[in-house]
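Kindly produce the complete structure, drawing on both the sequences and the hints.
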Amino acid sequence: MTGQRTTRGGRIDRTRPVSFTFDGRGYQGFAGDTLASALLAHGVRLFGRSFKYHRPRGLLAAGTEEPNALVTVSRDAARRTPNVQATQVEIYEGLVAESQNRWPGLGFDLNAVNSFLSPLLTSGFYYKTFMWPRFAWHRWYEPVIRAAAGPAHAPRLPDPDRYAQRFAHCDVLVIGAGPAGLAAALAAAATGARVILCDEQAEPGGSLLDEPAGTINERPAALWIDEALVKLGAQPNVTLLRRTTAFGYFPHNMVGLVECLTDHLATPAAAAPRERIWQVRAREVVLATGAIERPLVFPGNDRPGVMLASAARSYLHRFGVRVGSRIAVLAGCDEAYAAALDLHEAGPVSPSWPTSAMRRWARARRRHGLLVCRSLNAPPCWPRPVGGESAA
Amino acid sequence: MADATIRRIVGLPTAAWLESPLPATRFILRGAPGARAAAGEGFGLSLPETACRAATDGNRAALWLGPDEQLLLAPDGEVEPIAASLARALQGHAYSLVDVSHRQVGIGIHGPRAEWLLESQCPLPLNLRDFPVGMCTRTVFGKAEIVVWRPAEQVFRLEVWRSFATYVAELLREVDRESIA
Amino acid sequence: MLIINCPYCGPRPELEFSYAGQAHVARPADPSATGDDEWTAYLYLRTNTRGVHAERWRHARGCARFFNALRDTTTDRFRRDLSER
Numbered sequence: 001m002t003g004q005r006t007t008r009g010g011r012i013d014r015t016r017p018v019s020f021t022f023d024g025r026g027y028q029g030f031a032g033d034t035l036a037s038a039l040l041a042h043g044v045r046l047f048g049r050s051f052k053y054h055r056p057r058g059l060l061a062a063g064t065e066e067p068n069a070l071v072t073v074s075r076d077a078a079r080r081t082p083n084v085q086a087t088q089v090e091i092y093e094g095l096v097a098e099s100q101n102r103w104p105g106l107g108f109d110l111n112a113v114n115s116f117l118s119p120l121l122t123s124g125f126y127y128k129t130f131m132w133p134r135f136a137w138h139r140w141y142e143p144v145i146r147a148a149a150g151p152a153h154a155p156r157l158p159d160p161d162r163y164a165q166r167f168a169h170c171d172v173l174v175i176g177a178g179p180a181g182l183a184a185a186l187a188a189a190a191t192g193a194r195v196i197l198c199d200e201q202a203e204p205g206g207s208l209l210d211e212p213a214g215t216i217n218e219r220p221a222a223l224w225i226d227e228a229l230v231k232l233g234a235q236p237n238v239t240l241l242r243r244t245t246a247f248g249y250f251p252h253n254m255v256g257l258v259e260c261l262t263d264h265l266a267t268p269a270a271a272a273p274r275e276r277i278w279q280v281r282a283r284e285v286v287l288a289t290g291a292i293e294r295p296l297v298f299p300g301n302d303r304p305g306v307m308l309a310s311a312a313r314s315y316l317h318r319f320g321v322r323v324g325s326r327i328a329v330l331a332g333c334d335e336a337y338a339a340a341l342d343l344h345e346a347g348p349v350s351p352s353w354p355t356s357a358m359r360r361w362a363r364a365r366r367r368h369g370l371l372v373c374r375s376l377n378a379p380p381c382w383p384r385p386v387g388g389e390s391a392a
Numbered sequence: 001m002a003d004a005t006i007r008r009i010v011g012l013p014t015a016a017w018l019e020s021p022l023p024a025t026r027f028i029l030r031g032a033p034g035a036r037a038a039a040g041e042g043f044g045l046s047l048p049e050t051a052c053r054a055a056t057d058g059n060r061a062a063l064w065l066g067p068d069e070q071l072l073l074a075p076d077g078e079v080e081p082i083a084a085s086l087a088r089a090l091q092g093h094a095y096s097l098v099d100v101s102h103r104q105v106g107i108g109i110h111g112p113r114a115e116w117l118l119e120s121q122c123p124l125p126l127n128l129r130d131f132p133v134g135m136c137t138r139t140v141f142g143k144a145e146i147v148v149w150r151p152a153e154q155v156f157r158l159e160v161w162r163s164f165a166t167y168v169a170e171l172l173r174e175v176d177r178e179s180i181a
Numbered sequence: 001m002l003i004i005n006c007p008y009c010g011p012r013p014e015l016e017f018s019y020a021g022q023a024h025v026a027r028p029a030d031p032s033a034t035g036d037d038e039w040t041a042y043l044y045l046r047t048n049t050r051g052v053h054a055e056r057w058r059h060a061r062g063c064a065r066f067f068n069a070l071r072d073t074t075t076d077r078f079r080r081d082l083s084e085r
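Residue numbers (the working numbering), protein chains in the order written: chain Z, 1 to 392; chain A, 1 to 181; chain X, 1 to 85.
Don't read these hints as lab results, they were simulated from the structure. Treat the numbers as computed from the prediction; the structure is a model and nothing was measured. There may be inaccurate statements among the hints.
Computed beta-carbon distance windows for the label pairs [unchecked claim]:
#1 R283(Z) / P132(A): 11 to 21 Å
#2 N83(Z) / S163(A): 34 to 44 Å
#3 A15(A) / N83(Z): 33 to 43 Å
#4 G77(A) / Y249(Z): 49 to 59 Å
#5 A193(Z) / T50(A): 23 to 33 Å
#6 I3(X) / I28(A): 24 to 34 Å
#7 I3(X) / A32(A): 26 to 36 Å
Reference listing, derived: stretches of chain A covered by chain Z, where coverage requires no fewer than 3 residues with Cβ under 8 Å from a Cβ of chain Z [unchecked claim]:
#8 40-54
#9 98-107
Quick reminder that beta carbons are idealized off the backbone N, C-alpha and C, glycines included.
This is the structure:
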């Protein structure tokens, strides 16, 4: 699976190229890209190594549910943030990112030998094996094991950034600015209630951003978002917080939010706080957090190239990146058909292996000439996940 | 104590929206409702009966702090006459009257951002609906105990114990810097 | 952070309050005539209720008054009286 930038589409600004480096190599993306989408557009498929066996890991998701692509982002020696998800890093001019948990390099990792030794590395292996001779633990074993384990390194200098805090009170706090959250905020704001609407993404819209063909009240999704934002922006009783994650729901409707203020900026103002923590006391809280797709379980599903179908749609529609040239879609529900059709329209054939056939989609795929393999169990035409093109 | 001396001691920063120190004559009066009524006559304005409300008359103010506790504010340098007049009015009542003029520092916050500046560290809702003009209360600002009073829509007055004054003022300045972002 | 209803000031954030233990713990009238067991009970023994608990709070950074409140220790809900569900 090698990603490539589509010729049009996506919510990125193709007139504003942005340069950044990953593991020392220069890349170019566009304003609105995440680190993940920009690298994917350049055909990067390896984002990290697994914790113990150093198995190669690629992107599984496009949002906060990403488990594999953990990277270190640094501005200078003191401003180094390890373990951030590449899918959550907005690129800016001069961004420096590095992969983690590999030595000497991401592509060639000596510790991957653990993978071949795995039958020997039983649980408790470390505790039993490195007991003898006694003095060797501190001198030999521990330094080597510590260097090989642990995903990243924290900065050794004190944090020079400022962090702000704030109390807020509102009638309705809406968590998530997807279709449900925006609708809830609009309805609440219309009654004159004080509303706080927060979303972890830079751009409100949630799943609608991945669904440009969708409609709400017979309006195209993108237009509906814009209209909702204009309406909310015109109301003085509405506060919209972007890049703001709700992290805790405490007694008596107290919700903790953390707002990222400068991490997406190339040159933040010197006195500007990096993050702001909000303690919001709300009369009512609306949880409109949406849902994330559950990955399927099969051998090798952690290999680079295996990705959630929702993520593939997200990369396509939000970032204008087609995740591969030959894509297999494993369908568990009708969403997968939408993904298959979307990906198909953006490029050449994408064969699909459904586990449940649906007439509506079957008609659509015949119209589009998709190849469908029918099978209820693991199909005989199961893609080889290692090396070759693989399933999503 | 002269302004300059207080400024030197507590090292308060200044800004267009921040006015401090506000020198004043300050008394804490404690006593039963009977004493409160009598003290009103001695102080020249009837002390507030309603919880968390202030009463003002000219340049004098009385702030409700608790059911038996009032903070009396008057212009600087009036300790002697006010103490004498209150002592006369309160004769026969059980009460306590303490001159706290120099125990605390007044900080005035003005302008359209006053509410926003205070809500950074004060856990109370300070919008006009929940904290109307004339409301006052003891509360917290960050880690410090403060008395906050809203004499006008865009004016807040804080009364802070002297040793916390620098902390409160510096914290307000820090919040002010956020608006650069 | 709880919202606690001060009988004088109204609903206020927990930050302004300090907890003052179980309510209705009476000090023996004559400590010198009190036996060890009774004194121990007064000093140390508390109910550790699961459910509605009568407790004292002080609006320490507000009006500075002590007051009694009924709180459900399982839900952190304050109640007006014992009959309230």
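Evaluated hints:
Between R283(Z) and P132(A), the C-beta spacing of about 19 Å keeps the proposed range 11 to 21 Å intact. Evaluation of the 34 to 44 Å hint for N83(Z) and S163(A) yields a pass: the beta carbon distance comes to about 41 Å. Remark: the range hint 33 to 43 Å for A15(A) to N83(Z) is upheld by a beta-carbon distance near 39 Å. Between G77(A) and Y249(Z) the Cβ separation comes to about 53 Å, which falls inside the hinted range of 49 to 59 Å.
Between A193(Z) and T50(A) the CB atoms are about 28 Å apart, so this pair conforms to the stated range of 23 to 33 Å. Separated by about 28 Å at the C-beta atoms, I3(X) and I28(A) satisfy the suggested range of 24 to 34 Å. Range check, I3(X) to A32(A): about 30 Å between beta-carbon atoms, so the 26 to 36 Å window is met. Under a criterion of three residues with beta carbons nearer than 8 Å to beta carbons of chain Z, the stated coverage of the stretch 40-54 of chain A fails, only 0 such residues being counted.
Given as covered by chain Z, the stretch 98-107 of chain A fails the check, having 0 residues with a CB less than 8 Å from a CB of that chain where 3 are the minimum.
Figure legend: structure checked against the earlier numbered hints; hints not met, in rising order: 8 and 9.
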